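Novice: Taken in sequence, the protein lines are chains A and B. Residue numbers for the first sequence, in the working numbering: 10 to 120. Residue numbers for the second sequence, in the working numbering: 9 to 119.
FYI, nobody ran anything at the bench for these hints, they're computed from the structure. In this text, all values refer to a predicted model and were calculated from it rather than measured experimentally. Honestly, I wouldn't trust all of these hints.
Some residues of chain A that are not near chain B, with every Cβ distance over 12 Å (derived) [claimed, not checked]:
1) P17
2) D35
3) Q46
4) M50
5) E68
6) N71
7) S76
8) R81
9) E82
10) R86
11) A91
12) T95
13) T118
Pairs of lysine to aspartate or glutamate residues, derived as EDC-like cross-links and limited to a Cα-Cα distance of at most 16 Å, are as follows [unchecked claim]:
14) B:K111 to A:E104
15) B:K67 to B:E53
16) B:K50 to B:E89
17) B:K111 to B:D10
18) A:K108 to B:E53
19) A:K23 to A:E104
20) B:K106 to A:E88
21) B:K106 to A:E104
22) B:K111 to B:E78
23) B:K106 to A:D65
24) A:K80 to A:E61
25) B:K50 to A:D47
26) B:K111 to A:E68
27) B:K77 to B:E63
All C-beta atoms, glycine included, are put in the ideal place defined by N, C-alpha and C.
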Amino acid sequence: NAGVTQTPKFQVLKTGQSMTLQCAQDMNHNSMYWYRQDPGMGLRLIYYSASEGTTDKGEVPNGYNVSRLNKREFSLRLESAAPSQTSVYFCASSEGPWKQYFGPGTRLTVT
Amino acid sequence: EDQVTQSPEALRLQEGESSSLNCSYTVSGLRGLFWYRQDPGKGPEFLFTLYSAGEEKEKERLKATLTKKESFLHITAPKPEDSATYLCAVQIMNRDDKIIFGKGTRLHILP
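So that you can see chain B by itself, here it is in the shape it has in the complex (with noise of 0.2 Å):
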């Protein structure tokens, strides 16, 4: 069965303090792996799009690496507005484009 899997569920840190949040998935084929930010009350936000192992891609404090079973999304020195959910979705190959969302990880950055 195909899924996607987030954790930590919730996760704490302090400013400047880095970490990385982990997105395990079991599909049949993978077209594309999706990283969202949302905040509270608002739509998810579009991050990054990896597509093949090895691939890295870097926005400001983020980095988002994939392999063939998880992403990993790097924070580094996290700041307060760095604070939301990160959504992780996979989209399966010959599925007509099925997409899979995990169910996130809230992050929240102390100041």
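Chain A extracted, bound-state conformation (with noise of 0.2 Å):
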């Protein structure tokens, strides 16, 4: 049992270059949810989706696109990468509105 998985772990890209983060479970939830975290910011909420073919807009979606390809996937699309995206990304998911379940997180720096 993985729990939450992302890929990649670490990335580094140039301003302008696009790239997806990739976020897998195997705990048969129907939420999952991609975060950013950045220094003296706390944990910010992007995008969530509260069940397959449903997605729905956080606190900072504005330069990100997501897509529930199935269940258990749920993936994050930087089209034009900045440098006020540099942060660490995490992914989580949970069983209905309850208790979330992290994954190790995604570290991009774009310069």
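Each chain sits in its own coordinate frame; assemble them with the hints.
Specialist: So, in structure tokens, the structure goes:
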């Protein structure tokens, strides 16, 4: 039972490049989330998906897109990376609005 | 405006020196309050959920309590392995189960 997995673990991009962060969970959870964590800012919700086929904006969605590919997978895409998107990105899943299980994170640097 | 504030930002204790971390919240309606532990370079790990004022939960050296305005995470006789960042999160009722995280308290236990 791997829980929540994220790839890649580390990534360096140049301004304007695009990339997709992958997330998968094996707990059969309906809800999945993408957060970013910045020093002094805490965890901020980017997008979430309450069930397969639905996605909703969180607190800081600008510059990001998401896809809920199936019940297991939820990806986050940066179409044109900016230095302000340098952060640590966490994916999480939960069974409804209860406790969340987090992945190990992706450290992204945009130069 | 919905808000979650944690204090102190950082806390250094001697091994065995008990203390408390605070999480105060201002929300329109509380569905639940969560405590997480986060080790450096890892994703947050769930500790407790509290739902109503007066509720208490315990796990080893940790005890979480909840009032109508705040929650405390009491640490009794801490050990160096309790060093971590402790995050508080609040789930808001009737707001699509929106979750807001505090910025965390960095706890360092000195041997």
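Novice: Let me make sure I understand: some of the numbered hints might not hold for this structure. Which ones are they, in numerical order?
Specialist: Violated hints: 3, 4, 5, 14, 19 and 20; rest satisfied.
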